[in-house]
Amino acid sequence: MSTFPRLLAEQARERPEGVALQEKLYGIWQPITWRQYHSRVRDVAHGLASLGVARGEVVAVLGDNRPEWLISELAAQSIGAAVVGIYPTSLDEEIRHILDISGARVVVAEDQEQVDKLIKVKPQVARLETVVFYDPHGLEEYREDWLIDFAALEQQGRAWGAERPGWLDQQVADGQPDDVAVICTTSGTTSRPKLGQLTHHNLLSMAESLTSIDPLGPKDRFVSFLPLAWIGEQMTAVACGLSRGMTLSFPEDAATQRADMREIGPHVMFSPPRIWESMLSDVQVRIDEAGWLKRRVFGWGYGIGDRVAGRRVRGARTGPWARVMSAIAEAVALRPVRDQLGLARIKYCYTGGAPLGPDVFRFFHAIGVNLKQIYGQTEICGIAVLHTDDDVRFHSVGVPLPGTELRIADDGEILLRSSAVFAGYLGNEQATAEAIDAEGWLHTGDAGYLDDGHLVVIDRAKDVLTAADGTPFSSAFIENKLKFSPYVEEAVAFGTREITAMITIDPATVGVWADHERLSYTTYTDLAANPRVGELVRHEVHRANEDLPESIRVRRFLLLFKQLDPDDDEITRTRKVRRSVINERYAELIDGLERGDSEVSVTNTVTYQDGTSTKRQVTLPIHSMERHQSLRDSRPRPVWSSRR
Amino acid sequence: MLTRAYRFELNSSRVPVGEPLLEVEDVSLRFGGIHALSEVSLTVAQGDVHAVIGPNGAGKSSLLNCTSGLYRPQRGRILLHTLDEGGASRTHDLATRRPHAIARLGVARSFQNIELFGHLTLLENLMLGRHIHMHHHLLPALAWFGPARRQEIRHREFVEEVIDLLHLQGHRHAPVGSLAYGIQKRVELGRALCIEPSLLLLDEPMAGMNAEEKEDMARFVLDVGELRGVTVMLIEHDMGVVMDISDRITVLDFGRVIGDGTPDEVARNEDVVRAYLGTDA
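Protein sequence lines correspond, in order, to chains A and B. Start counting the first sequence at 1; every next residue gets the next number (my numbering). Start counting the second sequence at 1; every next residue gets the next number (my numbering).
Hints listed in this document are in silico derivations from the structure and should not be mistaken for laboratory results. What you are looking at is a predicted structure, and each value in this text was computed from that prediction instead of being measured. From the three backbone atoms N, C-alpha and C, an ideal C-beta is built for every residue, glycine too. A few of these clues could be false.
[What the hints assert, rightly or not] Pulled a few chain A residues facing chain B out of the computed Cβ check, cut under 8 angstroms: (1) Y26; (2) A255; (3) T256.
[As the list claims (entries may be wrong)] Estimated spans, in silico, between C-beta atoms of each pair: (4) B:P140 x A:G303: 52 to 58 angstroms; (5) A:Y142 x B:E39: 40 to 46 angstroms; (6) A:T522 x B:P147: 51 to 57 angstroms; (7) B:E115 x A:R335: 38 to 44 angstroms; (8) B:G229 x A:G265: 56 to 62 angstroms; (9) B:G182 x A:R221: 33 to 39 angstroms; (10) A:Y142 x B:P16: 52 to 58 angstroms; (11) A:E594 x B:A180: 49 to 55 angstroms; (12) A:R221 x B:P147: 35 to 41 angstroms; (13) B:E265 x A:D282: 33 to 39 angstroms; (14) B:H137 x A:R335: 55 to 61 angstroms; (15) A:R262 x B:G18: 48 to 54 angstroms; (16) B:G182 x A:V618: 25 to 31 angstroms; (17) B:S89 x A:D282: 46 to 52 angstroms.
[Stated by the list, open to error] Calculated Cβ distances over 12 angstroms to all of chain A for the following chain B residues: (18) S89; (19) E161; (20) D164.
The following block holds chain B by itself, in its conformation from the complex (with noise of 0.2 angstroms):
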């Protein structure tokens, strides 16, 4: 019988809610005499929306890049723990890694620019996104044959219910470039959720969307952080959503760590109003 249900995880860190996930130690990074970032460290906890947010220039996206392997900083440590089906620990430190190896142990991101594939059609970017996951030989997979093809029909369920969680049905055969903005950043979110994050890295979700569709957005982040489990490092500047959506946020400014809590504690910190609001001089 058909059930309404999902069937599959989204997420697949196996950490313990409440437990780090990400610790962040003493990372800098320079551009020649630029200190983008400096000595910057944090802890995200697994099962947490975290917020990173500041001014422009703070640094926000430079530390994005170093937990993705985009950028390499040149000082510190990014930890990213995981437990394996046995239930043993291992500590992966991300900033000596490569991006693809990144992506392996489950680190999924989308762009604040879109980086989608425009002539392909929704449906194919979200399959590109199951790419670590499929296994199949070259000459199984083109004959569409044997376990190639029990595979693909698996991987397209798995993307079918991401579909239906982000309410992209009325799209599934649209190219991805011909869909208006709000959506294309749906399906960055998709991409990265069909890798079965164990964290999801989102660069600003929300930013150059209307009033409604940021709505849409924050209830999907709510439902992928609280109702699927997969914790959520975001960036975002509109201040009344990250207040709303976030379990945690870290403040940073001029590539240091100014604030550091609730959403409760931050908006009371005395750094971060001036930093926000400027002082009277």
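Chain A with its partners taken away, still in its complex shape (with noise of 0.2 angstroms):
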């Protein structure tokens, strides 16, 4: 086993010339190669060590995918330091955690936005040191001299590596695959995020069963615009990146992020459902905006299209009459789509971190696109279960990886042993005791179940509730048949005996269907507390209801006059619902759901940018779904289109 500044000298030694990072700035991709890349890591290195990181410490990196995020990283490594990654749009408190306890000493900052937040948590931070910022701009007038420029870092590094030849090669060589690379935050629905401490062992071993499966290779592209300081963008981008030297494409900016995947069509990708319902949605916005005669040859290509994937999926092979169709179709409508959303080359791709929808699925699957489930969490370097190519079956996350054991205990939990199960939590042993037992395996937390060998998710263990006539279930499944709509952006269901729901719509969607249907609105709240939009979620309930058992059916629901955010602990940074806050903040709402009322008053207190607040009394109608089981006779409509 290696470790990662070893195989960048491998990388860099094999193929110099070869492009190992590309960023796109002022509109024109700027190539860095391996030879650069391995350059200014080792002057990144030799000045991360003139600050005094010393091996076994922590370097922070709070920012956007950038190149300089990924040289942070393996100039960290280079000493024998690990990296961790801090989200981007966390806030004082989140930042301020995260540095307690991983105890950094430097922390790699983007730009100005960035060091403000860090100026601000810097009194309360005894350990924390220097601050370096790559994005200079907005920063000439700043006058603390802690920060230091990026440039001058590497410039600093470079001087002072100059007098101590051969000294980083010896570091590199003392560095261990055991030692700790990455740490990485879990996702901390239930409470303040852990931090878990990922090996290189850990990494390349996961790297290595995955590409036994899916192989890649130097020639293969990747993009990197999910954040780096989550699990899923190290596994890919830098686990498989490093060790099959794929190269990594960063977009120019948040906004240009579709164009710019376009125009590198990577080979691989890896998102959480809400990027694949993203691009579902987009498709169906501009379909339905199409004329009829796109929407025909779409709707005939896509028919085609679904057929030839579901015995695909299955490893059965398709007669000669359905292949030359399927060419046809290919060619006038599929592969135009895929080309729109950037995955006219992919082989692989992934999904993960939450149930992503059977119509999703299908809906990839038909145009083309290799979709998989995989399985796995932080503690497992990302990655543990994963589809075969010839065997997908929606409604399970797959077989486990080569080397990956998987038990189900007694009580249903899911467990894994494997050389990627992780080296404990940062500064949390009672934590790590919990995770691990003393026979190496990983208790997940999920509870689920071997279907033919492939295992089924149900949900966290703790979240499993039992309906009234006995069937096991949890919120989460009856959610994710509501999020299924194109429609719904977040669902949170209540309940075990009469099930209710609290929706909230999605603003991009519905705000073009109420073009469409000519409703003006104007905010959020408005375009929710319209009866028509209600009507409308009511269809999308009813049909999500019509997959459901007769005994968890959705009996109520009512629409949130905003949007679950962030930045009001409703949602994590992931975007995975915190359902305590939710009980806690809107019980008034749910008390009444479940009363069953017509509606419900609730006083919203609304916190401004600026810290001021006001309150606001806010009245919801509650949708009943009994006066709606007779309103049968709408035939379902596409999964492509959001028209009925």
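Both chains come to you apart, so use the hints to assemble them.
Here's what the structure looks like:
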């Protein structure tokens, strides 16, 4: 087993002029070769050492995905330190928490926005000594002497290194595969994030097993746009990227992500469900705005693609006639759509972190995208269970990776064991002991069962409920059914006897629908309160109910007056609903839903960005599904359209 | 190696910070019997964000139009100070010059009603802002050859920095007419910056915007002023924004200057309060 810095040195030796990273800057892709990458990492490593960072310490990085992020990471690892990523959207309290636990003395921050946050928390974080920034715009007037420009650090490092020839090579050689390489924060739907330590060996053995199933090579490209603080991005961009020599591309700006991705045409992609869902919504919106001819052609092509995909995922072959038809469908309908989404070259796509609706899954397979579910968590390097190419079952998460042992405990909890199981939580031995038992099994905390060798995940073990008639289910199961609707952004289900739900609408798709219907509206609150929108969502809930067993159908729902927001702690940065916060904050609404009132009032406190707040009285109607049962005349609409 | 720091200066004025850059002296402008401006005098110092405020019809836009040469005042002088590379000082009277000659002196402006080329892309609109700095001849330009090519690449680099500064990357190749109003206003600012202004005139840069767009625009005006050192003279109705971002404010009412000073001084000026809030009758 190797380490990341050694792999980087190997790549730089074998393919010095190959493109390792490229970033779009000023509208042009600017390549960084493996040789340049390696030499910048060396400079920064020397620079970090000159700042006093020593083996076993932690360097924090706070910013969007840029080459400097990875350069800092590899530089820290070169001198035996680990890196902890902080989500760029994090606010003071989260940043302080992570810096406190990791004890980082040096933080590499992106720009003025992130530096401002660090200036604010610095007095409370005793160990923080130096902040390095790599986007100097707006920081010209800052006089804090503990701020250093990244370019200056590289220069300082070069000078420092020139006086100590061979020092860094020795450091890299001293690095052991069992050293901690990356610290990833767990998403923390239940409590404050814990810091999971992953070693070089953990990450590389995971990359080894994953690429043994889905081979990747130096010709493959990857677009890095999800936070590098997330295990999924570390797993694909860093672990697979370095061990297989992939080219990583960084988009220019959040607003240009889609266009940049289309230009690159990545070969592999790993995203949480919301990215796939938003791609599907994009397709729906675009097709609904297209003329009838395009709609008809796509509808026909999609039908063919769907049938072929249905056979392919079972590993069955298609007949000659179907192959001819599918070639035509591919040319006129499916390939153009893939190209628009930037998926024209894709070999493998993964979704994970939360369940993805079978409709969305099916859509991507029908247009020829090899989308696969993976199951894992930060504690096992993000992936342990995966669909194989010819055996994709939409309701399952696939079979364990080679080298991964899977066991279902007596109480239904999923247990995993492999060489990718993490080295424990930093500064939290109690939590580590709860996660890994004496025999090395990782207790995932998820409930699931095996179906013909395939793992099916129900939900977090503590969230599994029993319905009135004894059916085991979870709220998430119902919520996901609701969220399969393009109009529903988030849903939270309550109760076990009579299921009720709180729903937030997706302002983009509902907005387009409202435009078509000639409804005028001002804000999100106004749109969500529109009775026609209520009616629209009722149809969607009805549709979801048809897929659910009778005992767990949604009886009543309401549309919340706002979207769930990570700034209000209602949802995590990775968009997982925080149930405890919702239960507390919207207790009145939930009571009203359970009682079956026709409407419910709530006092809403709005906090503005400048810190002032106002209180408003809001009355929300509760929509009951009772009277809706008779409305069965509408044909099911195709998954690719939001028109009825 | 790639650097993220900007390589081009946006400000082309060499006048030291704090020295007078523009001096308006006793300017009067009449349209028939209407006195749009009467004996208006004010001084804009290098490096300031200088706001001109006043009720509707106070003569704010007229003053800006006189400065950029669209109107010719009947009386008075509008003096722009420049320093050449050797440090020799020159003074130009803008009141006697044509608009294109004033633009060559580095006086750039945006308009209250957006005046962009709607069918051209954002990039093309900004490249047009570079026209006074383009010097190549027709033939090499047509052939995209030699110095013409190098020059255009250089200008494109300049324009890209402006795009980066104003966060317009996502719209680079979109026809400007299809962009949202708030974005178009930003493009107008961008095109004015592409001139490399010695003085930037902004005519109601935040008119018709929502609160968020206003905040963004205020941020950009401050970036341009404080960080890039461009002297900004702007007209604005939103008093909150003006008080927040201006170094100095001149108040006009019925074509006359009724107040001039820092935001604090202006807010305490009784004439100004009367003009804005009315008097107890």
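Enumerate the violated hints, using their earlier numbering and listing them in ascending order. Checked against the structure, the hints that fail are numbers 8, 10, 11, 13, 14, 17, 19, 20, while the rest are satisfied.
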